[in-house]
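Just so you know, the protein sequences line up as chains H and W, in that order. Note that numbering that gives the first Met the number 0 has the first sequence beginning at 0, numbered continuously upward. Note that numbering that gives the first Met the number 0 has the second sequence beginning at 0, numbered continuously upward.
Think of the hints as simulated: they come from the structure by calculation, not from any bench. Be aware that a few hints might be false.
[As the list claims (entries may be wrong)] Restraint ranges, calculated between C-beta atoms of paired labels, are given here:
id, chain 1, residue 1, chain 2, residue 2, range
1, W, T108, H, E336, 26 to 34 Å
2, H, E224, W, R74, 34 to 42 Å
3, H, A296, W, Q191, 29 to 37 Å
4, H, E198, W, R112, 44 to 52 Å
5, H, L360, W, D83, 40 to 48 Å
No residue lacks a Cβ here, since even glycine has one placed at the ideal position from N, Cα and C.
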Amino acid sequence: MANSKDKDSHNDPSVDAGDDGILWIGLDLGTSRTAMASSNGLRDNTYSLVGYPKDVVSRKLLGDGPLFGADVIKHRLSLDVYRPLEGGVIKGSSDEGDTKSAEANMKAARDLVKHAIALARPEKDQLIYAVIGTPAQASIKNRKAIFDAAREEVDSVMVASEPFTVAYGLNQLTDTLVIDIGAGTTDLCRMHGTMPAEEDQITITAAGDFIDRGLAKLIRKSHPEVQFSDHMITQAKEKFADVSPNAGKSSVKWPVNGKPTDIDITKEMKEACLSIVPPIVESLAKLISTFDPEFQAILRGNVLLGGGGSQIKGLGDAIAAYMDTHLGGGTVTTVEEPVYAGANGALRIAHDMPKEFWEQLS
Amino acid sequence: MSRKLAFNVIHLLRGASRQESLERLKREGHRSVSVLRSSDIESLLATAVDETLSALGLELQADTIKGLNEEARLRFVKLIKERDDLTATLEALKSQETQLSVQQGSLRTELERAETELVTEQETDPGTLETDLAQLRAQLGERLSALLVERQADPALTPEVLAIVDAAIENYRVLQAARMRREQNARIVQLQRRIEKLRRRLEESDRLLARARAAGAEGIPFLADIGPPLQPGDPGYQHKRELLEEIFKLNVELQRIIASPAEAAATETSAGVAGSTTT
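One chain only, chain W, in its complex shape:
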């Protein structure tokens, strides 16, 4: 420090001085000149600083200086460690960025697959079992007709019986169609939910990736910024102010009860402070 100070002083003195030759000085009658070396200036400054500190009562004892040096050394070692920790954290963040990118890729693929499935499901006709039911109707019609002929039933009965069979099969067809539509709708709803979840995860992954990239680019913030306290004009100020007042009142009441042991015993309940309107 004193060396730097000495250098600055010498620099200033040089700036304020002018050069004269030795011959000129001899002609002016000077037989000798005073010489002040930079080491002398440094020594003078050191003496001046020490004397000033002594005069002000700020003189540092040798063991105090030693202690300060040791403290500075320890702080420096701690800073080095913090730097190493931050470097490691930065590397971890970079690795996390890579993992997130990969994860995001898979999410996008999964989302695309889900959306394709959804389109396919929406466009697919759930089916109506027409062919099977037609076959069933034909078989039933044949067997019933044969049975009625065999049993020598009234010929007028045949069309009535066949009509009842048709009606039953039609009802069954309608019920089945409704069931298949319901199942298809349920699958569609499930797919839509899955797509919604994937989209949310993708958005979250985008946010995390952006944060990881930002942290990697700007360096890790050493501290978390709390921001300014609540002020009039802030969104929700009045509401928050009322809540804070209530917390305060409840704590005042709590401290009053605590200070009064008899009352504390009487009011020993599971009521919560800042969580109950009764204490």
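Next up, chain H with everything else stripped away, as it sits in the complex:
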């Protein structure tokens, strides 16, 4: 690939347009955020939200749409809003239920994938090869839905387990435990030099949304008079989440009977954020205890923490402390770029994949 390093070329993505007109893309389709990393050097992320104008008036105001990410939040009152991914898979792709809703979510997912690809600014006649991370235990149906969503937008697509993509991107393919805390799910994966099998991976629902629900419940209990929305809870969490011993105060200004009032939610924030630690360590215990006893100590000492949830300050230390008490010790390292770790790893896989493999799949 023509990886020009000089500054002039950095202002023109077309210079790094990829070998033989190919653009490789790594996608991490998260419940809350979708991250994209591409071989032309561009990276971006957006909220996994898709909005379609509700009526003629909103179409006039906002265009025909769809809108994505922060624009959806800004104009949500004028839009039919979809959060097409749940638990890391496309909503409705698992069950036989409401077909109409499943179709609407599928369309939203396709539009989201299309938007994520567009963020890479592909050239008109470039081939696009993409690797998409999927939750560790996504079903065939879930994967089919993601394939279908991506197939129209790219020339060739592969899926790979999300925690595996994180491990691959960080070159930690042996004796490593990867924890990928998303919004809908937390995926744990045991890396031991070979492709992780089903028994090497666990998916639990103790993740970002779980914290949000817990936080809302605690705040409702201690401040029943306060008015707040789900979005406000998420915003507060993203701003204040901190479980470290010297965590600062978490104070929000939320309406009480319509009047903005300062509310101290420090205790509730810490309790909600810490609530995911026991189930995570429980899952770690399963992965460690079922491993070769000779290598269990190495595994315990090499735990990688990634995903959006890893941005909770002090969470790595909190998990390590809980491992000390319940598992006899452990070392947890938070990855450097939690938002992009999955996308970076997926891109790495895409780029390292031999071209002939891509051609066979397209």
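Fit chain W to the supplied structure of chain H, relying on the hints for placement.
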């Protein structure tokens, strides 16, 4: 553009020309001279460019030119915005550098304090309760001796009883000493762990500071560099190649199952692709 081109042409023509006086030209019989002004050259060039574009079928219509200008204007506006965003990011990085420096200072102080505590703890004798136990032994000895005398016990019993008391107190002393040593060791281990954590945080803080400084000095890289693809000779090449082949095979199998709805229904499990050896 044409003005610049005209200027260049004039410059070239001047370079290739020579100066002649009007008197000399008159003597040579010239009554008039042709004059070509720079504005004429510019006009000629513009005409030549337009005719060439027309001949090649590349003539741009006025609305196309307008569109291109508008696109250029929008791109320029976007570049200005990007420049402003980068400036803001650079300022944030500089502020982060300051915060990191302060944080690093506190970390170093905390580390020094922890190390001092560790040295103090290691050098401190956990204590043996000698004085208290000696006192206890003396008091017990006195009371038991008095009791035995009072009860008119066999005088030979006294030293035996006192010996049993001594033995019991000695055992207790040993147990207490062991307990205090264990507690001290636990505190030392805790301090050592704390020091280790502080050292790791200090190293991480050093790295972050170096990055912030580098970003401030060199400017923020616009793009992330992916590096070259996997090649023979790279560390771990064979291992990674095998993993990639397996991902490929699993995706081929997955696509085959998806393409066959009956088989997809039959194999609907929670097996993961690129995460399971069964699909």
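So, going through the hints one by one against the coordinates:
1. At about 30 Å, the beta-carbon gap between T108(W) and E336(H) stays in the expected band of 26 to 34 Å.
2. Range check, E224(H) to R74(W): Cβ separation about 51 Å, and the 34 to 42 Å hint is violated.
3. Between A296(H) and Q191(W) the CB atoms are about 18 Å apart, so this pair departs from the stated range of 29 to 37 Å.
4. Between E198(H) and R112(W) the C-beta distance comes to about 46 Å, which sits within the given range of 44 to 52 Å.
5. In this structure the hint that L360(H) and D83(W) lie 40 to 48 Å apart at CB holds, the actual value being about 42 Å.
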